[in-house]
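Protein chains: 2
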Amino acid sequence: MFRKLLTLDEAREAVARLKLARLGSEQVLLLKAHNRVLAENVTSKLDIPPFNRSTVDGYAVKAGDTFGADEKEPVRLRLCGIVNIGELPKVTVTAGEAAEIVTGAPVPEGADAVVMVEDTEKSGEELCVFSAVTSGENVMKKGTDIKLGETVLKTGRILGSREIGVLAALGLATVNVCAVPRVAVLSTGGEVTEPGRSLAPGKIFDINAYTLYCAVLECGGNPVYVGVVPDDKVKLRESLERALEAADVVLTSGGVSVGPKDLMPMTAASLGEPGLVFSGVAVKPGKPTTVALVGGKALFALPGHPTSALLMFQLLARPVVWRLSGRPAAKVETIQALTGMRLFSAKGRRTFVMVKLRKSDKNKVVADPVETGASGAITTLARADGYVEIPENQQFVDKNEEVEVTLF
Amino acid sequence: MFRKLLTLDEAREAVARLKLARLGSEQVLLLKAHNRVLAENVTSKLDIPPFNRSTVDGYAVKAGDTFGADEKEPVRLRLCGIVNIGELPKVTVTAGEAAEIVTGAPVPEGADAVVMVEDTEKSGEELCVFSAVTSGENVMKKGTDIKLGETVLKTGRILGSREIGVLAALGLATVNVCAVPRVAVLSTGGEVTEPGRSLAPGKIFDINAYTLYCAVLECGGNPVYVGVVPDDKVKLRESLERALEAADVVLTSGGVSVGPKDLMPMTAASLGEPGLVFSGVAVKPGKPTTVALVGGKALFALPGHPTSALLMFQLLARPVVWRLSGRPAAKVETIQALTGMRLFSAKGRRTFVMVKLRKSDKNKVVADPVETGASGAITTLARADGYVEIPENQQFVDKNEEVEVTLF
Numbered sequence: 001m002f003r004k005l006l007t008l009d010e011a012r013e014a015v016a017r018l019k020l021a022r023l024g025s026e027q028v029l030l031l032k033a034h035n036r037v038l039a040e041n042v043t044s045k046l047d048i049p050p051f052n053r054s055t056v057d058g059y060a061v062k063a064g065d066t067f068g069a070d071e072k073e074p075v076r077l078r079l080c081g082i083v084n085i086g087e088l089p090k091v092t093v094t095a096g097e098a099a100e101i102v103t104g105a106p107v108p109e110g111a112d113a114v115v116m117v118e119d120t121e122k123s124g125e126e127l128c129v130f131s132a133v134t135s136g137e138n139v140m141k142k143g144t145d146i147k148l149g150e151t152v153l154k155t156g157r158i159l160g161s162r163e164i165g166v167l168a169a170l171g172l173a174t175v176n177v178c179a180v181p182r183v184a185v186l187s188t189g190g191e192v193t194e195p196g197r198s199l200a201p202g203k204i205f206d207i208n209a210y211t212l213y214c215a216v217l218e219c220g221g222n223p224v225y226v227g228v229v230p231d232d233k234v235k236l237r238e239s240l241e242r243a244l245e246a247a248d249v250v251l252t253s254g255g256v257s258v259g260p261k262d263l264m265p266m267t268a269a270s271l272g273e274p275g276l277v278f279s280g281v282a283v284k285p286g287k288p289t290t291v292a293l294v295g296g297k298a299l300f301a302l303p304g305h306p307t308s309a310l311l312m313f314q315l316l317a318r319p320v321v322w323r324l325s326g327r328p329a330a331k332v333e334t335i336q337a338l339t340g341m342r343l344f345s346a347k348g349r350r351t352f353v354m355v356k357l358r359k360s361d362k363n364k365v366v367a368d369p370v371e372t373g374a375s376g377a378i379t380t381l382a383r384a385d386g387y388v389e390i391p392e393n394q395q396f397v398d399k400n401e402e403v404e405v406t407l408f
Numbered sequence: 001m002f003r004k005l006l007t008l009d010e011a012r013e014a015v016a017r018l019k020l021a022r023l024g025s026e027q028v029l030l031l032k033a034h035n036r037v038l039a040e041n042v043t044s045k046l047d048i049p050p051f052n053r054s055t056v057d058g059y060a061v062k063a064g065d066t067f068g069a070d071e072k073e074p075v076r077l078r079l080c081g082i083v084n085i086g087e088l089p090k091v092t093v094t095a096g097e098a099a100e101i102v103t104g105a106p107v108p109e110g111a112d113a114v115v116m117v118e119d120t121e122k123s124g125e126e127l128c129v130f131s132a133v134t135s136g137e138n139v140m141k142k143g144t145d146i147k148l149g150e151t152v153l154k155t156g157r158i159l160g161s162r163e164i165g166v167l168a169a170l171g172l173a174t175v176n177v178c179a180v181p182r183v184a185v186l187s188t189g190g191e192v193t194e195p196g197r198s199l200a201p202g203k204i205f206d207i208n209a210y211t212l213y214c215a216v217l218e219c220g221g222n223p224v225y226v227g228v229v230p231d232d233k234v235k236l237r238e239s240l241e242r243a244l245e246a247a248d249v250v251l252t253s254g255g256v257s258v259g260p261k262d263l264m265p266m267t268a269a270s271l272g273e274p275g276l277v278f279s280g281v282a283v284k285p286g287k288p289t290t291v292a293l294v295g296g297k298a299l300f301a302l303p304g305h306p307t308s309a310l311l312m313f314q315l316l317a318r319p320v321v322w323r324l325s326g327r328p329a330a331k332v333e334t335i336q337a338l339t340g341m342r343l344f345s346a347k348g349r350r351t352f353v354m355v356k357l358r359k360s361d362k363n364k365v366v367a368d369p370v371e372t373g374a375s376g377a378i379t380t381l382a383r384a385d386g387y388v389e390i391p392e393n394q395q396f397v398d399k400n401e402e403v404e405v406t407l408f
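Sequence lines, in order, name chains A and B. Under the working numbering, the letters of the first sequence match residues 1 to 408, in that order. Under the working numbering, the letters of the second sequence match residues 1 to 408, in that order.
In isolation and in its complexed conformation, chain A is listed as follows:
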C-alpha cells in the first residue's frame, strides 16, 4: 500500500508544504513572555526619555552664560534652586542662573545644558563655573532614545532578556505573543511500559515519549504527555483522535504489535482529510516514518528505536513546531572533525551515523561512530555527540576524512 519511499529532501519539502491550521496569538504578562515570539509590531506610546534628562550630576544652565569660562576666569552664576529626581522641576532657569540637578532628573525650563559638578565650585548662593558647555551638552533630549510612534520591535522577534527590557521601557506590562503549539506525544508497542510502573517479563520501559516530550520543549513547543497507548487497534485509533483534538501536532513512535505491519500508517491515513502525506523515507535510520495531515493538524508516526525517533523528529517534525510557533528555523550547530574509522552508508538511503567526538594525539577533533543498531538503543542515545550525514549516492566516508558533525 505505501511502498514508495520518498527521499529525505522530498519528505522535507512535503512537510514544508503541509497546509497547517494557523494558531492565534495571546496577551501574556511581560514577566511570562520570556522566549515567546512577538505576534505584532510594537510601537512606542511615549517618547523615551519622556523629558529632557540630565546625564550627569551638576548644574542646569543656559549654555550661553558659560561661554568663555575656564580655570582662570570662571563664570559666576546665581543658584536658583534644586531639581529633584522623579518630579517636574519647580524652578525655571533665567539668564545668569543655575539649578542643582542630579543624573536622570528633568532639565528645568530655561536651561539647555548641564555643567558637571566637577567643573564647578559652590559658595553660598553663588556658583563658579570653570568650564564652558555647549547647548545640549550633558542633556539627553526627550525622545532621543525612542520616539513616540516609533516601531521598536517587529512581529516574529523572539523575546530574550533585552527585548523584554525594551518592552518594559515602553511601560508595557503585557504583550501580544504567538500561541505555543501543543504537541501530543504517544508511544506504541506491546512491549513498552511507562516508567514508574513495575516491569513485567518480556517488557521494556518507554523512552520515546520522554525524549520527544523534552525535544518539543527544546524547540519552543508545549508538549502534552499522553504516554504509552494500549496495544489495541481500536484504542490506538481513539487515542490518536483524542490527541488530535487536544493538540496541534501529534507525535507517535514505535509500531503496533497487533494487526498488520503497516497498521500505524493505515490508521494515521484514515483519521481524516486529507490523510496520508507519505509513509517511508529513504533514510537510515528512520525509514518507517509516516506523516499524515488531519484537518490542518500534522501527525508524525516516528520509528520505535529511540535514536531514530529523535533524529526523525529533528529532521521533519521540529520545522513544523517552529513554523507553527512563528519562530525562524534555528541554526544547527556543526563542527568539523576527522573520521576515526570508515563510516558505511546504506545504499540509496541518506545515512546518519551517530558519532562521539574525541581529541586525537595531534589535538584534532575525531568523530568515532557509535553503534546505532538495536544493540545500543540507550547507550547510543546517551553517548553520541552528534551525527555525520552521508549522501544517498555515496557508499562510505573513509577513515581520516574531514566531515561535518551536526551536534545535538
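Derived by calculation from the structure, the hints in this document are not laboratory data. No incorrect hints appear here.
Identical copies carry no separate label here, and so any pair may be met within one copy or between two of them.
Straight-line Cα separation of at most 30 Å, DSS-like style, residue types lysine-lysine; simulated pairs:
hint	residue 1	residue 2
1	347	4
2	154	45
3	356	147
4	287	122
5	356	154
6	90	122
7	356	284
8	356	32
9	284	141
10	90	62
11	359	154
12	331	364
Please read all numbers here as calculations on a predicted model, not as lab measurements.
Given the coordinates of chain A, assemble chain B onto it according to the supplied hints.
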C-alpha cells in the same frame, strides 16, 4: 568609605571565594526534570535489555542447526511455536526446531540466534533456512546496553532530552535534582515606575527588574520579582531584608535618591555578617557595582543603566547562580570581527564596548560601537549584538583591528 576600586579580576575572584550557603536537592517528576541538574549518580536497577532480545523479525534457532545452510542446500527445521512481543516465550527451542519471533521479543529458552525472515521460507510446519547464523547473531543479550548496578549518569549532569530518555529507560518516574537558586530582583531610584502603571511627570519606566528577571531565567535560576522599591531609606532596608529571606541571591539595580550617594553600599554592608565584600570595580561601564554577603546569601547592587546592569550581572552574578545550581560555567559564544572604527577605553579600567555586527563589502564581519552613554539606554540594549573587552592598560583598539566579540 568604599573608595578603593577592585580590578575586574579581583572582583571575580572575590565572588568565586564567597562562602555561600549550599542549596539542597529535590525529587521531581521526570517530565518536569528537563534542564535540571542531577544531584546524585544514577545507577541502573535492571539489566537493559532485561532479556535476550531479538533485533530482527525471523526465527529463533540453535545456531548449530543452521551450519552449512545456503541457497542450494537449505537446512530444514520444524516450527515449534510463536514468541509474542511483550511476554515471556511459551515455547522452548530444542534441536532441529525454530520458533517464529518479531523484533524486540524475548529469544526463547534453547535458542541462541535468530535467522532473518528474508533468509527463510515457510511451508506448513516446516522452515527452510537458506543462510547460516552464528551463536548470538541477531540477538541483543540481556544487559548489553546497560548492566544492573552500572552508573549511567553522574552528579552534575544537565538533563536534556537524551538524558531524560536514559532515565526513562531505567524505569524512573522521578529523579533527584539540585534545587534551583531563587534570585530576588529589585529596582531602586526615585524616578523609576513599574511598567503597566501611569507615568507621572519626571518619571521613567523600570527596565532592570525585567531584564535581570529574564537573565536569571537564562542562566537556570528561579527569579523572584520584587520590582520597584520605594525611594526611602527605611523601606529599602526592609525590602532587602525580606528579599534575603525569600531568596538565595538578591539583585538590586540603580541608586537611591534620598540620603548620601553611597546609601546603597552602606545599607548592603549593614544587613548582616560578614557584610560588604567590595564596592566599586574598575570597569566601564559598571563601576558602582557593590557585592555583600549576608548569612551565606549574596547581594549584588548593580548600576542603574540597563546595559551596565545586565553586563555586570553576567560578569559577576551569573557565575554565582551557576555555582548554586550545580551547573558548570557555560561557554560564552564569541566571534572574530574587525572594528568599524577606533574603540576608546577608559584609562585604567577594563572597558566593555557594546558593538553591533554587520558584514563589510568584502564579506568580513565588522563590529561597530553602539553608544552606551545615558543617551541610548534602551537603544543600546536592543541593538548591541555583543561587546568587545579592552584591557586596563590599553588606551584604544584601532579601526580595522581584529577583535573578539562576546555575543549576548
